[in-house]
Amino acid sequence: MNAVSPALVQRATLFWNRHKWSYFFVLPSTLLFILFIVYPLFQAFLLSFQDVGLRRAEWVGLKNFEFLFNSTLFHKSLLNTFVYAFFVVVSWTTSSLVVAVLLQPFSNWVRAVFRGAFYLPYVSSVVVISLVWLWIFQPDFGFLNYILGLLGIPRVLWLQDPNIALWSIVLSTIVIIPGTGVVIYSAALGAIPTEYYDAAEVEGANAFHRLRFITFPLLKPTTLYLVVIYTIAGFQIFERVYVMTGGGPVNSTMTLVQLIYRTAFSDFNYGRASAIALVLFAIIALFSFLQFRVLSSDYEY
Amino acid sequence: MAAKSVPYAELTTLRKRYNRRRLDISKLLVLILLTTMAVVSLFPLYWIFATALTPAASTVKIPPELIPANPTLDNFFEIAKAGGTTTLHLPFVDEPLHIQRVWLWLFNTALYAVISMVIHLVFDSMAAYALAKRRFPGARPLFWLILAAIMIPPQVTLIPLFFLVRDMGLNNTFQGLLLPGLADVIGIFLLKQFMQTIPSELEEAARIDGASEWQIYRLVIMPLSIPALAVTAIFAFQRYWNNFLWPLVITHNPDLFTLQVGLSYIQNGEFGTNYGLLMSGAALAALPMIAVFFAFQRYFVQGLRIGAVKG
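Residue numbers (the working numbering), protein chains in the order written: chain A, 27 to 327; chain B, 65 to 375.
The shape of chain A in the complex, shown without the other chains (with noise of 0.2 Å):
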């Protein structure tokens, strides 16, 4: 026989009637993660390791995997990723703390002013952004090769040469301020005490030792921030290639995520861009922790 002790039912009773409400508020929330988050999640390592089409699915073990090692198409894709992502990176984290150091000098209402500007340009979406760069970029009529004409430079073909299309997107990319960096950087500094550059003053310590000794090592945990995003972000850039080259041309601008996109929704090889897709989370995820293991900061103040 099992009968349930009264002990137990009194104990779950209780226990029910503390946590109920808690449970109730974060079920939604947690369905929906499970549903749309952990399950397909979870479904992605499997279908890596399946052939999935339209109308098949196969278990072949590592041989997406094989086929990426061995595809010089993927090789490309990747070395173009991380091309893209190293200069989106740097570029990003230095002008954006360039652009904050100089602007904390001035009143309130101007930096407010140049930090709006700076921002403005990333409400809008990406397909937007890359869709004008496109006119820029266009060959006859667009307003950059008019400016090198100006300057007496023949014009340049911006996105068909193969050898210059990926790091026309690399500069749609970089010549853009970015805002979301200035806003943080500009919070960092604002919250660093003024009595440090006081004190550094009175010891003789000029605008550079300043800098060097005081602003950047306490904003390490901000610089790490911002590399740890910019870096996710980088890797992921997909709406530029997709909208100003679809990848082109002879796949000079492919990179993971348009490649995931082509294979599984132009070729329907489900298996093989799951694949991809694992990899992309795999470099991100080792980034990730490097930067936090490198650049994780013993400061504090």
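In short, the hints are calculated from the structure, not lab data. Check each hint, because a few of them may be wrong.
Said to hold, decoys possible - List time: in silico EDC-like cross-link candidates among lysine to aspartate or glutamate, alpha-carbon distance up to 16 Å:
#	chain 1	residue 1	chain 2	residue 2
1	B	Lys125	A	Glu227
2	A	Lys46	B	Glu277
3	A	Lys89	A	Asp77
4	B	Lys197	B	Glu142
5	B	Lys197	B	Glu268
A quick note: this is a predicted structure, and the numbers were derived from the prediction, not measured.
With chain A held as given, fit chain B onto it using these hints.
Structure of chain B alone, referenced to chain A:
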């Protein structure tokens, strides 16, 4: 050194006076540099609107018109035609509605963004309240799972999500477009960080006064969280208004497109090289976000700071 020490307050005023005198040349140069960078950063955005207002014939000439000489709204009418027309059968209305698709895209995008935003505000704030203020078994693991989920690139779950939604019979439907986005966890994190700063005495006082748990959430926590809710709402609206990959994958019927997908659809069609027309579409997609930005600028700044504090 035991020389005459300068009081701290006096030192600060001295430094301020010194800085003010030094302002002129170096500060002016920095201002010019910053302005140049701002002009370059804003140029693409400006160029969208300048080209959109330029007559089609004038966009294909050298030199380009930096300021439209004969501004016109023609491009906006052209893109409305380029998107094609469709017929809708609305409930409770006998007459079928003929509408240019571009306006339908605008409507779809707004509906998608607003519904996602509202559901996120309700569900995210409920979860955030429980995680920030209530102790219950499983709270910590749940929070860590959510934090880890922020790191998962959306492309990783894209294909399984597509299968899942397809198997639910929702491929190429508005529900299919909407549902998976509701699992976004960033809002929970943002709101939890904020709600932790609300003093617990307020809840306890309400509890002693006999408020139910729902009333505490609804009448104590929610009103005090308005700044954080505003931030969550604006970021959610922006995220869904601008979303591209998921709408691209899940909508195939042009009547269901969002503006972003519709734009890339027009760009891939016969009007793909008519830049005046494309820029007017880009302007349509950009304008609402720009308006939101100017209306709620301080919340954007606040939101970025809350996000960055986690460090």
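We went through each hint and held it up to the structure:
1. Proximity of lysine 125 of chain B to glutamate 227 of chain A is assessed by CA-CA distance (about 57 Å); at most 16 Å being required, the pair is judged violated.
2. For the proposed pair lysine 46 of chain A and glutamate 277 of chain B, the alpha carbon gap of about 10 Å is at most 16 Å, so the pair holds.
3. At most 16 Å may separate the alpha-carbon atoms for a hinted pair to count; lysine 89 of chain A and aspartate 77 of chain A meet this at roughly 8 Å.
4. With a C-alpha separation of about 54 Å, the suggested pairing of lysine 197 of chain B with glutamate 142 of chain B is violated against the 16 Å cut-off.
5. At roughly 11 Å between alpha-carbon atoms, lysine 197 of chain B and glutamate 268 of chain B fall within 16 Å of each other, so this suggested pair holds.
Hint violations for this structure: numbers 1, 4, all remaining hints satisfied.
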